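Undergrad: Construct all of the structure, not just a fragment, from the sequences and the given hints.
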Amino acid sequence: MELRDDQPLQHEIGKRTFFVADVEPLDVDGVRTVEVGTALWLIGFLALLPFYGRLENSGNEWWLWTCLSGFGLGLFGLEYCRRRRKARGERAAVPG
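Each number in my numbering comes from the position in the sequence shown (counting from 1) with 1 added on.
Keep in mind that the hints were calculated from the coordinates and are not lab data.
This one's a predicted model, so the numbers in the text were calculated from it and none came from an experiment.
Just to be clear, a hint being listed does not mean it is correct.
What the hints assert, rightly or not - Cβ-Cβ distance ranges computed for the label pairs, FRET-style:
#1 33 <-> 70: 45 to 53 angstroms
#2 61 <-> 36: 23 to 31 angstroms
#3 12 <-> 54: 52 to 60 angstroms
#4 23 <-> 85: 20 to 28 angstroms
#5 54 <-> 16: 54 to 62 angstroms
#6 51 <-> 16: 49 to 57 angstroms
#7 23 <-> 96: 53 to 61 angstroms
#8 36 <-> 66: 41 to 49 angstroms
For glycine and all other residues, C-beta sits at the position ideal for the given N, C-alpha and C.
TA: Here it is, written out as structure tokens:
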């Protein structure tokens, strides 16, 4: 095996050795991920809604409210990610 000059960085911490590759980070803003997750929580809520009586009788009514809470929190997360994407875009557009 021939070693090249552009080997990854190597860190030894305790008895372990960690390699750090020299790669650029992904430019992901998270909007699509949060959109999909929020949609899945809504689908879960809508899928469980016809079974409300059965969930209530079995004591699993919290499943329905968990899905609704996940959807609501996803809306907050979506707004946060959209604002972050906008701020990053504005920052990148400013020369300097």
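Undergrad: To test your reading of the hints: which numbers does this structure violate?
TA: 1, 7, 8
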